[in-house]
Each structure stands twice: as structure tokens, then as C-alpha cells.
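Given only the sequences and the hints, what does the whole structure look like? Please build it.
The sequence shown maps to residues 1 to 791 in the UniProt record's numbering.
Read the hints as simulated data drawn from the structure, not as lab findings. Fair warning: there could be bad hints in the mix.
[Claimed, not checked] The list that follows gives simulated cross-link-like pairs (lysine to any residue, SDA-like), each with its CA atoms no further than 20 Å apart: (1) K377 - D364; (2) K513 - L543; (3) K319 - A391; (4) K294 - E324; (5) K454 - D440; (6) K350 - L680; (7) K473 - T255; (8) K390 - I353; (9) K679 - E347; (10) K508 - D440; (11) K508 - K549; (12) K679 - D625; (13) K449 - N370; (14) K508 - D464; (15) K473 - T274; (16) K279 - H460; (17) K390 - L404; (18) K457 - D433; (19) K355 - A391; (20) K454 - I647; (21) K139 - L186; (22) K139 - S151; (23) K84 - P114; (24) K556 - T512; (25) K318 - G403.
On a predicted model such as this, the values are computed, not experimentally measured, just so you know.
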Amino acid sequence: MLDTSTGITNPAIDINSDFWQEPTDCLMLDQESLMWKEYINSPRKYNLREFLFDPTVRVEMNPLQKVDQMKMTNRNPVTLILPKLINGMSDVKLMRGLIDSGSDKTAIVRAALPSGCPLTEIPDENFLGFGGITTIHEKVTLQQVILPEFSRSLQIESFDAVVMDGRSNYDIILGRDFLQQIRIILDFENLQIKWMNMEISMKPSRYWNDLENVQMAFAEYTDEANEEPKDGYAATILPSKYDDVSPDVIAAKQTHLDEQKQQDLKRVLHQFPTLFNGKLKQYKGEEVHLTLKKDAKPVQSRVFKNDFDRLVEQGVMKKAPRSEWVAPTFIIPKKDGRVCWVSDFRELNKNLIRKQYTLPRIHDIFERRNGYKYFTKLDITQYYTFELDKASSMLCTIATPFGLYRYLRLPMGILESPDIAQEIMERLLANCDCEVYIDDIGIFSRTWKEHIAKLNKILHILQDANFTINPLKCEWAVQETDWLGHWLTPVGIKPWEKKIKPLLALPKPRTTKEVKSFLGAINFYKDMWKRRPHLQQPLTELLKKGSFKWGPAQDKAFEQIKALMASDVLLYYPDHNKAFHIYTDSSDYQLGSSIAQYDDDGILHPVAYFSHKLNSAQMNYTVGDKEFLSIFETLRTYRTMLLGAEIHLYTDHQNLTFKNINSQRILRWRMYIEEYGPKLHFIPGETNTLADYFSCVELNQQVMEEKSPGPTTEVVDSYYQDIVNDDWRLAECLLPISDAFINVQEKALFPMNFDRIQLAQQRDASLQQLRQQKPQEYVLRQTGQHNLIYH
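Structure, rendered in C-alpha cells:
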């Protein structure tokens with residue numbers, strides 16, 4: 001720092017005057033500071049105070065200066081600092097920091113130290129500080145420091161700071177010693193602070209003086225800190241906290257079973273102690289092989305983070321020689337002290353040949369299992385379970401601070417993982433009467449005795465193959481549950497309310513603009529709606545100039561359209577062997593998306609809708625982050641329906657390439673998304689009408705937040721019951737509803753059933769001829785278990 005020995009003085013200002021006592025105008029400069037050099041080399045027609053704090057002066061003195069005047073006025077390299085310890089003391093608070101490349105030392109205000117904090121003495125040194133030139137003779141060491149604006153998981157091991165007296169807008173000034181240690185870059189031209197491929201914007205000097213800004217930023221920080229990685233994408237790698245759940249506990253939780261059945265279940269589970277011990281094990285079957293594309297070029301990446309001793313000890317990975325393929329890796333700390341380990345295999349996935357394996361169809365499963373009485377769903381732990389052959393193991397090499405290591409078992413994040421798991425599990429359980437969907441096994445039975453026998457046989461096979469089961473994620477001998485995106489019951493498939501909840505929460509349009517947005521949204525599926533213009537007519541009339549008058553006709557049309565849209569979703573059976581097309585969007589306060597599939601006639605069918613209101617922290621995300629979040633939440637919400645299938649993602653955010661990852665939050669989402677192997681497509685905003693509508697429209701939050709067990713509730717049933725009773729002539733609404741909603745009261749059922757309708761259509765030669773001549777107008781659609789022609 002500048003001291004009196006330099007001989008540099010300025011007659012325009014006395015550095016010991018009251019000027020330096022003003023905390024709002026504090027700045028530390030030394031001979032190496034660019035700002036100081038600029039002042040020294042400039043014409044001296046302004047005093048130092050004007051030069052430092054009036055940007056118009058500096059612009060006048062340096063017309064070639066690149067930094068915009070307004071930006072200079074409003075933005076500075078300020079950020080938040082959160083040490084875990086200061087000189088060994090843990091009572092540390094969140095700090096406001098200024099990053100000052102003109103200061104050769106990092107300095108902390110004495111008032112920011114924990115009460116009673118011990119100080120380390122250092123040789124006396126003159127220092128230009130908050131109250132003028134002072135003598136410093138103490139320092140502290142800050143340990144395990146987090147910069148919350150950048151990352152909640154990256155920690156700076158330690159750095160020193162001299163202790164300063166006086167007042168300041170900041171608790172700590174981060175000098176060049178700090179910048180050089182962790183390699184932070186200050187980009188004044190673009191007003192950004194960059195660190196480890198992450199960047200944040202510079203902010204007004206007093207930005208962190210505003211408690212609301214601090215609370216908002218820290219809310220986001222704690223929100224992420226409390227957020228567990230969903231659906232097991234990242235593995236727990238620090239000292240084991242796997243839960244060893246006893247069969248007694250498992251059986252006691254099945255309160256839907258009587259005491260005798262609980263005892264039967266307990267006896268079966270006691271035979272398989274290693275299945276439920278929570279330990280990471282290796283599948284005893286064949287090795288897994290990954291196949292590269294012919295034109296694949298090796299990729300090597302740098303390190304993100306370290307600490308994986310347990311995975312090495314358990315045989316998941318080992319030290320590797322030099323490899324052409326090297327993937328980056330990072331960890332995510334969890335709130336309970338453990339961490340999650342994630343390897344970034346995006347580049348490898350691009351160069352792998354995916355041998356897609358056929359997945360089960362819900363309609364086929366229901367036909368085989370209709371009338372069951374007991375259903376058990378087993379959740380199998382498959383990550384780090386399947387052994388890789390040597391060639392594939394070399395492809396899965398990762399960089400660590402201790403050298404290169406290669407996975408010996410199939411790691412998370414490999415695109416082909418769902419296909420490999422499905423093939424292995426189907427082959428393993430080929431002689432068992434059960435259904436398999438990747439890491440879920442479904443056991444259906446008509447009697448209790450049969451169910452216990454099946455369960456006993458399958459658990460034997462799984463234990464012999466060295467698998468592990470998570471018993472608390474299993475469902476034991478239930479009658480209703482979700483399976484492949486549907487809600488199964490012994491008598492049929494119930495509609496799953498969450499697929500249509502955003503529809504049910506749609507408010508009535510209040511203006512011509514809102515009517516136009518609603519009609520634009522529903523016409524997204526134009527091939528389906530072109531046969532239903534009469535339903536839209538009462539709403540279309542409102543678009544005429546000066547004619548907005550909402551009445552009973554509009555009420556009826558609005559409710560009928562919502563009913564039709566919902567029935568279109570609930571009647572369509574997703575085919576996991578066809579591509580899913582997901583359209584996503586976001587607004588300042590909400591996310592929205594729609595999921596669809598093309599049928600055999602090339603018509604796009606809605607499969608599910610999604611809408612989610614952002615919390616206060618998420619509202620502060622960038623536009624790109626919100627678009628990422630919309631994709632992440634849609635995939636996570638419908639994981640059981642989408643995982644393993646071909647996925648196409650459509651977004652109107654052109655820069656969303658998944659390459660510019662500037663935070664570990666985005667990287668974590670990106671790793672999760674990678675598991676689905678989606679293909680990304682840009683779609684102009686004006687054509688992404690449906691997702692845009694669900695991201696912008698103000699939904700009825702009472703409906704959205706209503707808790708339900710999974711299938712439609714009484715509220716939903718009564719909603720459709722009203723539609724059924726209201727207009728018997730609406731065949732397009734009535735036919736689907738009567739068969740799809742098994743909760744609808746008997747009085748609403750039709751005297752004509754689907755068997756008769758299907759038979760009559762098959763015998764109608766003229767109708768069949770029209771179907772052949774105009775397939776786009778006379779559409780064959782699967783309705784329940786029947787194939788009916790719709791016009």
C-alpha cells in the first residue's frame with residue numbers, strides 16, 4: 001500500500017484530513033493501482049477526490065476510456081464472503097467484500113471479526129487504510145471460505161488478511177494477494193467478475209448495504225445448500241451413511257396390510273439381509289461394453305474438485321495410466337456433511353453409439369395385469385453396480401488432483417445407462433412373472449399367497465446377483481400407485497392429476513389480449529383442433545374490436561375446451577419407444593412446458609403439462625438459468641415417464657447451448673439433464689405458444705398447491721362430471737370422459753359402450769372409406785382399450 005516513504009504527495013488533498021474519515025468515500029490505492037497511475041499521469045486540474053469519485057472527470061481526462069460513464073457510476077467489483085473459521089473461531093457472519101486490484105494486501109475491518117477472536121502479530125507496517133495512514137501489526141487467517149455468489153460448494157482453503165481499524169462500507173477488502181491466489185479476473189469492460197469458468201455481474205458500491213439484497217442472495221444460497229440432488233444422479237461418497245433398514249421396520253410401515261400379512265412380509269424379508277444393508281455392491285453378471293463412433297476424437301478436460309477415497313476403496317475406480325479420454329469431475333456438498341460426486345461425461349456421450357433397448361408400454365402392462373389385487377414396486381440401486389470391460393473402463397477416465405483414475409463400474413451420466421440396465425434386468429428376471437422398467441420392478445398378483453411366493457423368488461434372484469434394494473423407496477403389496485407416468489388400480493388406469501393440473505388452474509381470460517393468448521396456446525396442437533372450431537367460436541367473437549363481453553357462452557366454451565384438452569392428455573398412452581417432444585419456456589415468475597408425442601398418423605398429441613411458480617431466489621436467476629430450470633424441473637417431475645426414451649427439447653432461448661456453464665448450479669442441472677440424452681432444438685418464441693402461455697398465465701395457486709395422492713381427486717372428478725351433465729351433445733368431450741374417468745358417477749355413463757361403437761365403426765364401409773381417403777380428418781385414436789375413429 002502507499003506509505004509516506006514513496007514520496008508521492010498531492011497538494012490538492014491532505015490524506016490525513018476528514019475526507020478519509022467519510023466511510024462512504026473510502027478507497028485504497030497504491031503505486032500499482034491503474035486508477036492511481038492514471039491520476040498521476042493526468043493534467044492536475046482536478047483534485048484527487050473529484051478524480052476518484054466523479055466519473056465525468058475521468059471520462060473528460062481520458063476520452064479513449066472504454067468503460068461507459070453510467071457503468072462506471074453504478075458498478076463495482078463487490079461480492080459476498082462467507083468464511084467458516086477466522087483464526088479457528090466459528091462465530092463468523094456473512095461479509096460484504098470489495099475486490100481491489102490496487103491493494104497489495106487483503107484487509108478486514110476489526111468490527112467484522114468474531115467476538116474474542118485471537119489475532120496473529122506481524123511486524124509493524126505503514127498502511128493507507130480507512131482512516132488514513134495507519135500502522136498495522138495484526139492479521140487473521142480466514143479458512144474454508146465460500147463466495148456464495150459464485151458457488152455454494154467451492155471452498156477456498158485459507159488466506160490471510162491484515163486487521164484494519166476504522167469504518168467502511170465493506171467488511172473486507174480483497175487485495176491482489178487474494179486475486180493471485182485464486183485467480184479471480186476483473187473484467188471492467190463487461191463489468192463482470194470471473195472465477196473458475198463462472199461469472200457474476202459487478203454491482204453498485206452500496207448494493208450489499210441493502211438488507212433485502214443480502215437476504216435474497218443468501219436465500220438463494222441456502223436454497224441451493226438445502227437442495228438434495230434428485231433421483232440419485234450424484235453419488236454419496238464421503239464416510240458411509242447408507243441406511244441399513246431392518247425388515248421389522250419395513251413391515252411395520254405397511255399399515256395398509258393387516259397384522260398377519262405384515263408378519264408374512266417380515267418373514268420373507270428376513271431371508272435377504274444383504275439386499276437391504278445399504279452397501280454398494282457389484283453385479284455378478286456380465287461386463288458392460290461401451291461402443292465409440294468411428295469418427296470419435298478423444299477429449300480431455302481439467303479438474304473440478306477432489307475427494308473420492310471411498311469409491312476407490314470399494315472398487316468403483318482405480319488409478320489409471322495416461323488415457324486419450326479424460327472427463328472433468330466435481331463434488332457437491334450436502335447439508336448433512338456428506339458430498340455428491342459427479343463426473344461430466346458430456347463429450348464422451350456425444351461420441352458413443354447408443355444401442356437403444358425397447359422399453360415396456362403401459363397399455364401392454366395393463367392388459368397383462370388387469371384385475372390384480374396386490375402390487376409391489378422394488379427400487380433397485382444400480383449406480384456403480386455394473387462392471388465395465390477394460391476398454392470401456394479406459395473411456396471412463398477422470399481427472400483428479402491426484403492424477404487420472406478410471407471407473408471400473410458403469411458410472412452415472414453415461415447416456416446408454418438406461419438401455420444397459422433395462423436389458424440386464426429383463427434378462428436376469430426373464431423367468432419371473434414381473435414387469436421391469438430400468439431400476440423399478442413391478443410384481444402383480446391376484447392372491448396374497450401368490451404374491452408372497454413371487455416376492456420370495458425375485459428377492460432370491462436379486463440377492464444372488466449382488467444387488468441392493470432401497471426398502472424405503474419401495475412400495476409393498478399396495479393396490480394403487482404410479483407406474484410409467486400413470487396411476488394403476490386393480491380395475492383400470494386412473495388419470496394422473498399432475499399431468500393436467502396446470503389446465504385445471506387456468507383462470508378465465510379477462511381481456512382481449514388474454515383471450516388471444518389462450519386461443520394461440522390451444523391451437524399449438526393445430527392438427528387436433530382444426531376439427532373443433534365450433535368450440536372456439538364464442539371466444540373468437542371476443543377478438544372483434546370493441547366486442548369484449550364475457551358471458552355464459554364464453555364460460556361454457558372455456559370449460560369445454562379445458563375438458564377436451566385434459567381428456568386428450570389423459571386418454572393418450574405414452575409410448576416409451578417413440579420420441580417425446582418437450583416444449584419449455586419461462587417468464588419472470590413462472591416456468592411452463594408441454595410434453596407431446598407424434599402418433600402413427602403424424603399428429604402431435606399432448607401427453608402432459610407442467611407449470612411451476614418460481615420462489616423469490618429463483619426469480620433472480622438469469623433468463624438462461626430460468627430456461628435451464630424449466631427443462632430440469634420438467635424432466636424431474638416426469639422422470640418415470642421420460643427416462644430411457646428419446647427426448648427432443650425445444651426452447652426459444654437461442655443461447656441455451658449447454659456449453660456456457662457459469663455456475664455449479666447450472667452444471668448440476670446439466671449433469672442431470674445429460675442422463676436423458678436430449679436433443680436440443682431452437683424454436684422461435686412466436687411459435688412456442690403453449691409453453692409460453694403456461695409460463696406467463698397467472699394460475700389459480702389454490703388448485704396448483706392442492707395436495708392429492710396422484711390420481712384425480714374429487715374436485716377434478718366433479719369438474720368433469722359437470723361437463724358431462726351440461727351438454728350431452730358434445731361427443732368429443734363425452735366419449736373420452738365416460739371411459740377415462742373411472743371415478744365419474746354411474747348416472748353419467750352412456751347407454752352406448754365403446755365395444756359397440758368400435759364394432760359399428762368397423763362395419764361401416766363408408767366410414768372406413770373416408771378413413772382411408774382423409775386420414776388427417778378421420779383419425780384413428782386409441783381410447784382406453786379400443787381403437788375409435790374421430791372426426
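Hint check results:
1. K377 - D364: It holds: about 18 Å lies between the C-alpha atoms, which stays within 20 Å.
2. K513 - L543: At roughly 8 Å apart (the allowed maximum being 20 Å), L543 and K513 satisfy the hint.
3. K319 - A391: OK: K319 and A391 at ~15 Å, within 20 Å.
4. K294 - E324: Holds: K294 and E324 sit about 15 Å apart, inside 20 Å.
5. K454 - D440: Roughly 15 Å between the alpha carbons, so the hint for K454 and D440 holds.
6. K350 - L680: Holds. K350 to L680 sits at ~13 Å (cutoff 20 Å).
7. K473 - T255: The given pair, whose Cα atoms are some 15 Å apart, holds under the 20 Å limit.
8. K390 - I353: holds (18 Å)
9. K679 - E347: Satisfied, since the Cα-Cα distance of roughly 14 Å is no more than 20 Å.
10. K508 - D440: With Cα atoms ~41 Å apart, K508 and D440 exceed 20 Å; violated.
11. K508 - K549: holds (12 Å)
12. K679 - D625: Distance of about 18 Å is within 20 Å: holds.
13. K449 - N370: holds (18 Å)
14. K508 - D464: violated (58 Å)
15. K473 - T274: Holds. K473 to T274 sits at ~17 Å (cutoff 20 Å).
16. K279 - H460: Holds, at roughly 17 Å.
17. K390 - L404: holds (15 Å)
18. K457 - D433: This hinted pair holds, its Cα atoms lying about 10 Å apart.
19. K355 - A391: holds (17 Å)
20. K454 - I647: Roughly 34 Å between the alpha carbons, so the hint for K454 and I647 is violated.
21. K139 - L186: violated (25 Å)
22. K139 - S151: The hint is violated at about 26 Å.
23. K84 - P114: Holds. K84 to P114 sits at ~11 Å (cutoff 20 Å).
24. K556 - T512: Answer holds: K556 to T512 is near 17 Å, not above 20 Å.
25. K318 - G403: With a Cα-Cα distance of about 11 Å, the restraint between K318 and G403 holds, given a limit of 20 Å.
Hint compliance for this structure: hints 10, 14, 20, 21, 22 are not met, and every other hint is.
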